[in-house]
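Asks: Just so we're aligned, residue 1265 is where the sequence shown starts under my numbering, counting upward by one.
Simulated from the structure, these hints should not be mistaken for lab results.
Just so we're clear, the structure is a prediction, and the values are computed from it rather than from any experiment.
Treat the hints loosely; a few may be bogus.
Said to hold, decoys possible - Okay, derived cross-link-like pairs now, DSS-like style, lysine-lysine, Cα gap no bigger than 27 Å in a straight line: (1) K1315 <-> K1359; (2) K1366 <-> K1315; (3) K1359 <-> K1415; (4) K1415 <-> K1366.
Said to hold, decoys possible - Ranges of calculated distance between the beta carbons of each label pair, as one might list FRET restraints: (5) K1366 <-> L1319: 35 to 43 Å; (6) M1340 <-> E1457: 21 to 29 Å; (7) Q1354 <-> A1454: 43 to 51 Å.
A virtual CB, placed ideally from N, CA and C, is assigned to each residue, including glycine.
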Amino acid sequence: MDPFNLTDYYAKTNVVRLDGGKFDLSNTRSRLVYYTGFESENKRMLVRITKVGRLWRCTDALGEFYIAGPMRGYPMFNFPAFLMAARVLQTRGIKTCSPAEKDIESGFDPSRPIEDQNFDMGAAFRWDFNAVTRCTGIILLPGWENSTGAKAERLVCQLSQRECYYLDANYNLVEAPDYDYTLTWQPKPAPVEARPAPAVECDGDDDEE
């Protein structure tokens, strides 16, 4: 099979067999899988299989994916990991949408503290969430589960029924299962007002004669 030419597969069930593996599409009509069945070359690449009616279609059109991951608390806000992930994914035919690249284009300097820059955090989150819903899905970098922002993007992805994948340390994509989630809200504690220290009175009777 040449994935660069659209190929149709007749399917009686929701399980497609490709490259010796079984892929269950019961809960989705489209997903990314790795294919290594080239006769002329020994290489491994991503392809998309989609069910259209009773046919499976295989193509190299993978879509555009938002890269989500932790930033705050990491050196350089973890921008090197975002930039490297985008570079690797693009070599595999995946168009990427990276918040790190967007922030750099907006003038953000990851080598400086965020407090020292005129950075609009609210505008950044609005752009991020809009990008998640606009893309085919998201790809989560390691450590995403410890990031409030990345977890929020993961939730937006799931609620808007986009595709979601993990990117492991070897830059392999792994399909992410849907998560159960619980949203909890509680008011922030009121700031504690600083009180002046009580004055210390000296007793004159203790003076030496």
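Asks: Take the hints in turn and mark each one as holding or not.
Replies: Against the structure, the hints come out as follows:
1. Between the alpha carbons of K1315 and K1359 the distance comes to roughly 22 Å, so the proposed pair stays at or under 27 Å and holds.
2. For the suggested pair K1366 and K1315, the alpha carbons sit about 34 Å apart, so the restraint of at most 27 Å is broken.
3. In summary, the hint linking K1359 to K1415 is supported, as the alpha carbons are separated by about 22 Å, within the 27 Å threshold.
4. Only pairs whose Cα atoms come within 27 Å are accepted, and K1415 paired with K1366 is accepted, the gap being roughly 19 Å.
5. Distance hint check: the CB atoms of K1366 and L1319 are about 38 Å apart, consistent with the given range 35 to 43 Å.
6. Between M1340 and E1457 the Cβ separation comes to about 37 Å, which falls outside the hinted range of 21 to 29 Å.
7. Checking the proposed 43 to 51 Å range against Q1354 and A1454 shows it holds: the Cβ atoms sit about 48 Å from each other.
Of the numbered hints given earlier, the model fails hints 2 and 6; all others are met.
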